[in-house]
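First to last, the sequence lines map onto chains Y and H.
Residues in the first sequence are numbered consecutively from 1, following this note's numbering.
Residues in the second sequence are numbered consecutively from 1, following this note's numbering.
Mixed in with the good hints, there may be bad ones.
Below, computed lysine to aspartate or glutamate pairings styled on EDC-like, alpha-carbon distance capped at 16 Å [what the hints assert, rightly or not]: (1) H:K312 x Y:D180; (2) Y:K79 x H:E214; (3) Y:K256 x H:D24; (4) Y:K250 x H:D24.
Okay, the calculated beta carbon distance ranges per label pair [to be verified]: (5) Y:I128 x H:G282: 49 to 55 Å; (6) H:F258 x Y:V37: 32 to 38 Å; (7) H:E152 x Y:L40: 21 to 27 Å; (8) H:N255 x Y:F177: 37 to 43 Å; (9) H:G282 x Y:A118: 48 to 54 Å; (10) H:G282 x Y:V94: 49 to 55 Å.
Treat the hints as calculated values from the structure; they're not laboratory data.
Quick reminder that beta carbons are idealized off the backbone N, C-alpha and C, glycines included.
If you want the building blocks of each chain, they are given just below.
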Amino acid sequence: MSLALRQSPGNVFANGKLHKSVPWLLLGGSWVALALVFALLNAGGAVKDFNIVAALFLGTVLFDVLIVVVSRIVEGGRKAVDRLITSLVVTAFVIAVLPLVSLLYTVLADGLARFDAAFFSYSMRGVISVGGGALHALIGTLEITLFAALMAVPIGLLTSIYLVEYGRGPLARGITFFVDVMTGIPSIVAGLFAYSLFALFLGPGARFGLVGSVALAVLMIPIVVRSTEEVLKIVPMELREASYALGVPKWLTIIKVVLPTSLAGITTGVMLAIARVIGETAPLLVTAGFTTSMNYDLFKNPMMTLPVFAYTQYSQQGANPVPFVDRAWTAALVLILIVMVLNLLARFITRLFAPKLSR
Amino acid sequence: MTTAPAHPGSPTTPKPKAVVRVGDRVFSAASVISGGLILVVLALVAAFLVWQSIPAFSAKVGELPNQAANFWDYVGPLVFGTVWSALLALVMAVPLSIGIALFISHFAPRRIAPVLGYVIDLLAAVPSVVYGLWGIVVLARFVQPFYSFLNEYLGWFPLFSGQISGTGRTILTASIVLAVMAIPIMTAVMREIFLQAPTLNEEAALALGATRWEMIRLSVLPFAKSGIVSAIMLGLGRALGETMAIALVLSVSTNVTFQLLTSLNPSTIAANIALQFAEASGTALNALIASGLILFVITLVINMLARYIVRKRVS
């Protein structure tokens, strides 16, 4: 039986090995087998609905077992262990992708229900059940994030310039280390920091857009530093030296030579940093608060943001929960779309300008 | 442009001095200040949190929520919940991340490996509130039958014992969501480390007839050991600080229990802050901020350890 699984006898190097199509056949076979099992269970009424995820997952596990047994018979113990690890590693990847697929599918399927003009043109003021929209949250997210970027980008950029162009000694080492540490600050702690900062001056209970911007800026700075530092480092030393040789001062060299060369990379880094913080919920929940009305003023009154909108719509459902849940999912969909567009745009910019940098 | 003008009258020509330009001064000062500002911000975070938490540390009986006798009595269950859920998440996420990182660095075809890496990075791009929604709407319902099964047939095992939750909103579900969220950062770090393994060692192992797994076991894993440890700690830091996913998914109580499948779960520090902050005032607010301080200290120590290990290995 095992002979049929081997490669053609003419090839000496393939002796005692499985044909390369065997793993794929086994994988497809076990998926089909498990799908059949579930279909039968389904027809028999033992399981309520046909479960494609479980079929795929259990099918992959069945494949892991089968390939090891077959390989053990045909190829021997060492190769069987290798096959086992290979299949386990692939299974790990599949397991990690399953939540992503399920999540994207759910967000799309449930979010499209309210993905309409009203969602982008109405606030939630006076809305008790159906209708309403997230215009106030969109405006809030836009203003708070932009203001956070206005604070974080200059600080982050100057810091990375310091680290790359000037920084030597313990201060530079300390900054690099603590920038890394800062990326690990829980976002809610950044929110609490911004809240206590403003509570010091304005008394407890200060909740408005600017506080949220400060919280987001604290989260954004290390990301901006990290990404722009990488970009500034790959600007060729020859460019700087040529500029110095022409008698250009260091600061002008940085402004006229180093920054323009790395502009695309810096833009990418900033966009990725914005994409990272635009979905933050916890710090905005404790700093910018939530409201149902429009608020264009960053410096007064609570301000709604898109992630907080999604959260409050789900957690504070009305008597008829359906419109609330629908709005929450649509907000999630819009958030994911924003993050994806920012990510893709960043990648596109890198691709567009990459040849100039890599030369 | 110009060099330092030598004093014409001096008998010996002094050494040419570098010109100090105003622009240079301003620019370098600005960049040093920005860099220093980061350290200042980090110090301020700690200082403000401490300042706002002082009333909570000296709070008396009756002033704190949950009928806690003192602050440590109040924060104890929360710390337990935070650490317990993060550890559960790591138990699931660590083997998966090692597998994924190995798959991307050593198993996947070279051409599609970057794409696969990007797919994993996408997991990190999803906002946490969306994970929370997905966890409560999709995942909790999906795993509930499995929980019933575990509770029914393996209920003698302490972790699976207790009154089962009917909604699936248990600490195990929350930990699964945490694991999914911790996987991208752990994978990213491990992938880098695995790719840095010396190619000569790998080729030598293969040339001696090692299979791919033997090559990885002999040359990649020993090289990457400390990198794996620090990746795990970074993932732990992420899992400890995660807020919204837990706040949405977990049905919380003040219980301290190891049971995974009940609806009376210990809450976490971050989720507790998010859930209570809007209504809190007075000492309760101070207590929340103080618990945030504890979280900050825990994650700071873990992150510093992780970065220290990475740094030591690189140099």
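List of violated hint numbers, smallest to largest: 5 and 9
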